[in-house]
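Required output: the full structure, derived from the provided sequences and hints.
These protein sequence lines map, in sequence, to chains A and B.
Under the numbering used here, the residue at position 44 of the first sequence is numbered 44, and the numbers go up by one with no gaps.
Under the numbering used here, the residue at position 139 of the second sequence is numbered 139, and the numbers go up by one with no gaps.
It is possible that part of the hints are untrue.
Mimicking SDA-like on lysine to any residue, the simulated pairs with C-alpha atoms at most 25 angstroms apart in a straight line are [to be verified]:
| # | chain 1 | residue 1 | chain 2 | residue 2 |
| --- | --- | --- | --- | --- |
| 1 | A | K515 | B | L99 |
| 2 | B | K57 | A | T518 |
| 3 | B | K194 | B | V172 |
| 4 | A | K515 | B | E104 |
| 5 | B | K57 | A | S524 |
| 6 | A | K359 | B | H111 |
| 7 | A | K516 | B | A76 |
| 8 | A | K359 | B | C77 |
| 9 | A | K516 | B | L99 |
| 10 | A | K516 | B | H61 |
| 11 | B | K56 | A | F593 |
| 12 | B | K133 | A | E165 |
The following label-pair restraints were derived from C-beta to C-beta distances [stated by the list, open to error]:
| # | chain 1 | residue 1 | chain 2 | residue 2 | range |
| --- | --- | --- | --- | --- | --- |
| 13 | B | E105 | A | M483 | 50 to 58 angstroms |
| 14 | B | Q110 | A | L171 | 58 to 66 angstroms |
| 15 | A | G546 | B | P213 | 39 to 47 angstroms |
| 16 | A | I151 | B | P213 | 20 to 28 angstroms |
| 17 | B | Q110 | A | G162 | 24 to 32 angstroms |
| 18 | A | Y529 | B | K173 | 36 to 44 angstroms |
| 19 | A | M539 | B | R157 | 31 to 39 angstroms |
| 20 | B | H143 | A | L171 | 53 to 61 angstroms |
| 21 | A | N445 | B | A95 | 30 to 38 angstroms |
| 22 | B | D70 | A | S521 | 20 to 28 angstroms |
Please keep in mind that the hints were generated in silico from the structure rather than gathered at the bench.
All residues carry an ideal CB built from backbone N, CA and C; glycine is no exception.
Each chain is listed here by its residues.
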Amino acid sequence: MDLSLVLNTFMLLTLATLSTPILFPLLSNNLKNTPETITNTVKASFLISLVPMTIYIYSGTESLTSLWEWKFIMTFKIPISLKMDFYSLTFFPIALFVSWSILQFATWYMAADPYITKFFTYLLFFLIAMLILIIANNLFILFIGWEGVGIMSFLLISWWHGRAEANTAALQAVLYNRIGDVGLILCMAWLASATNTWEIQQLPTSPQTPTLPLLGLILAATGKSAQFGLHPWLPAAMEGPTPVSALLHSSTMVVAGIFLLIRTHPLFNNNQTALTLCLCLGALSTLFAATCALTQNDIKKIIAFSTSSQLGLMMVTIGLNLPELAFLHISTHAFFKAMLFLCSGSIIHNLNGEQDIRKMGGIQKMLPTTTACLTIGNLALMGTPFLAGFYSKDQIIESLNTSYLNTWALLLTLLATSFTAVYTIRMTMLVQTGFVRIPPLTPMNENNPAVTSPITRLALGSITAGFLITSFTIPTKTPPTTMPLSIKMTALVVTALGIFLALEISKMAQTLILKKQTPLSNFSVSLGYFNPLTHRLSMTNSLKGGQNIASHLIDLSWYKMLGPEGLASLQLKATKTATPLHSGLIKAYLGSFALSILIILMSSY
Amino acid sequence: MNLARLMAAPGALGGGSAGGQGRAPSRHSPRGGRPAEPGAMAAYLTHQQKVLRLYKKSLRHLESWCIHRDKYRYYACLLRDRFDKNKDVKDMVKATELLRAGEEEFWANQHPQPYIFADSPGGIAYERYEMYKLPEWCLDFWHPSEKAMYPDYFAKREQWKKLQRESWEREVKQLQEETPSDGPKTEALPPARKEGHLPPMWWHHVTRPREQPM
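Below is the structure:
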């Protein structure tokens with residue numbers, strides 16, 4: 001049996017299965033979609049995609065498929081080429097598993113929505129675009145997927161488009177992503193002109209690569225993966241329903257930027273400037289997001305900032321020249337972050353739309369499965385030994401500690417790791433433990449299997465995924481083999497310090513000390529003052545400048561300087577110099593006669 | 001829909017909403033008009049209203065700061081005591097100065113992310129279902145096959161619309177007579193004054209969309 005044929009067939013079958021809910025209703029009036037059919041389609045796709053992954057694990061078969069070519073320019077080939085390598089073969093089942101769980105959860109969460117089928121269709125479109133992005137071997141196909149996920153993100157964030165904040169948030173997402181797209185297009189343009197190809201296989205390895213296209217790629221990742229500078233859209237994207245936040249803005253879409261950097265890694269290998277930029281940008285993002293998460297009171301915003309922080313950590317890993325480790329972190333992060341969002345969605349829906357953790361508390365007895373899985377997810381996020389997050393996060397921190405790099409980036413990342421522990425413990429304590437602060441007479445239950453099975457499935461994933469992926473894959477770069485015990489224990493010690501700090505602060509908050517505003521807490525609460533500064537200040541300045549150019553400058557130049565007024569002023573100057581000559585003195589006239597005779601003599605000479 | 005109940009209860013539609021708004025009966029009637037209905041909002045706030053608003057605001061922000069209920073209750077009692085100490089101040093100048101000092105202290109100590117209820121303006125579910133709130137005249141554009149799904153309603157609908165058309169003139173006339181010349185003083189709608197008349201804007205109230213979709 002030809003393994004590569006089976007591999008190819010099953011991968012294409014996965015994509016074909018996913019497109020059936022879109023095509024079949026167009027072909028016949030009897031075949032209507034329902035949320036259940038779409039969920040079952042994704043489940044079937046997941047099971048189909050397990051086959052190629054198993055083939056890869058046990059035989060190392062990879063494949064490169066090249067379909068129809070767009071004969072646009074004769075000298076430039078743009079085929080539809082799909083690459084089925086480690087990254088796509090592993091990420092397909094993970095993305096489909098997470099999506100299946102989220103869709104099953106959404107059948108309960110969005111049950112009261114009149115347009116639930118449209119919602120599911122949107123999520124399906126998004127999933128297809130994401131999978132196209134993953135499987136692309138060609139920057140062109142990747143760009144199709146890239147734009148597809150951006151558009152679906154816009155449509156899904158503004159799902160409740162009656163709400164002004166949702167529309168603003170969707171616009172924010174689209175605009176920030178568009179700024180990142182400029183970087184991607186810059187890189188594509190350079191590649192097309194310098195190397196005449198967009199295939200990932202044919203990327204030039206450095207040292208030939210100039211830094212400019214790499215900066216473009218980093219800009220694209222900054223926009224899509226919400227690094228510092230283009231990050232405000234991610235917390236604002238929490239305006240969308242919780243299944244949207246779980247699927248797009250935690251597991252799949254936001255990792256597209258990091259995935260792009262992983263795919264184009266050969267370009268980065270020797271360019272130390274680009275790698276250092278990634279490192280510092282990632283370190284700054286992770287610390288900034290962790291700082292902002294410390295004082296948030298909306299449970300979804302806490303998890304959103306946590307996502308932003310982990311994305312910064314992935315960028316740090318790219319900066320360390322370890323793309324496989326970044327991919328491992330993407331995979332494990334997908335499980336526990338989606339589970340955190342689903343648990344929070346269960347709590348929110350049971351509390352009739354209450355998202356503020358100040359009005360939640362003591363729900364452990366009422367929602368045992370949800371809170372247990374919330375705890376598991378939080379422990380995985382903090383990097384508790386032998387849960388999923390440990391395998392990726394601990395390795396990243398070890399590599400960070402044993403590399404020869406910027407100490408500032410190292411310190412920031414360690415600080416961010418401890419902050420992760422702090423806000424996680426704060427969230428857990430305020431949401432689950434302590435006395436009950438929810439309104440009385442809230443009938444909470446998790447009797448619906450549509451709620452508990454996705455969450456428990458993802459919990460199983462959060463516990464075992466790290467172990468399974470690391471057991472079955474061989475790393476291409478050797479991990480650091482020896483290090484002192486203190487370096488080895490750094491991540492654990494820092495996390496433990498964070499936990500201890502959080503417990504102390506919460507004990508202080510329960511005793512009779514009234515909090516006041518301090519500069520540091522104000523910085524954290526107002527998200528670093530970034531939003532008003534950039535959204536108002538720079539925008540008003542550039543718009544005002546544009547307005548001045550459009551109205552004043554053009555009018556001033558064309559109608560005044562180069563038009564009648566300019567002409568008039570020239571004339572006036574000429575006449576003002578010439579009129580004093582008409583003074584009536586004979587000497588002046590004789591002088592002008594002499595001057596003109598002199599000029600005639602000299603010109604005829 | 002009980003038409004008799006609608007026509008009988010005076011101000012049941014409009015008056016009920018305004019009754020809960022004014023905390024105290026307005027002692028100053030609005031300038032240049034007839035005295036407002038008891039419990040209606042006036043053009044200016046009284047001192048009592050301002051103090052009570054400050055108290056409620058500060059309690060809410062205190063609740064945002066003190067997450068745990070026992071701690072909140074302790075500080076809320078202290079705050080209540082601070083307000084109660086100055087309860088009987090008769091000198092209006094001193095009372096206004098105290099109020100101003102209170103407002104400044106509130107501004108300095110407010111919470112940057114106060115707790116806002118989900119359906120209140122500024123909350124996370126505010127206007128969330130606005131997109132599903134369609135006006136009732138869309139029902140006229142339904143396809144007959146869709147209308148056949150709700151035969152009972154559409155059988156009676158034409159009669160209700162006829163009633164609405166007939167009473168519209170009378171409602172407009174009543175509102176025009178009863179509104180003072182420089183504009184209405186409150187948002188409350190008056191009840192039906194005569195026997196056999198319907199309260200003004202009853203159709204808009206009865207056909208208002210649901211708060212949350214089905």
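- Starting from the hint list further up, note which numbers the structure goes against and sort them upward. 11, 14, 18, 19, 20, 21
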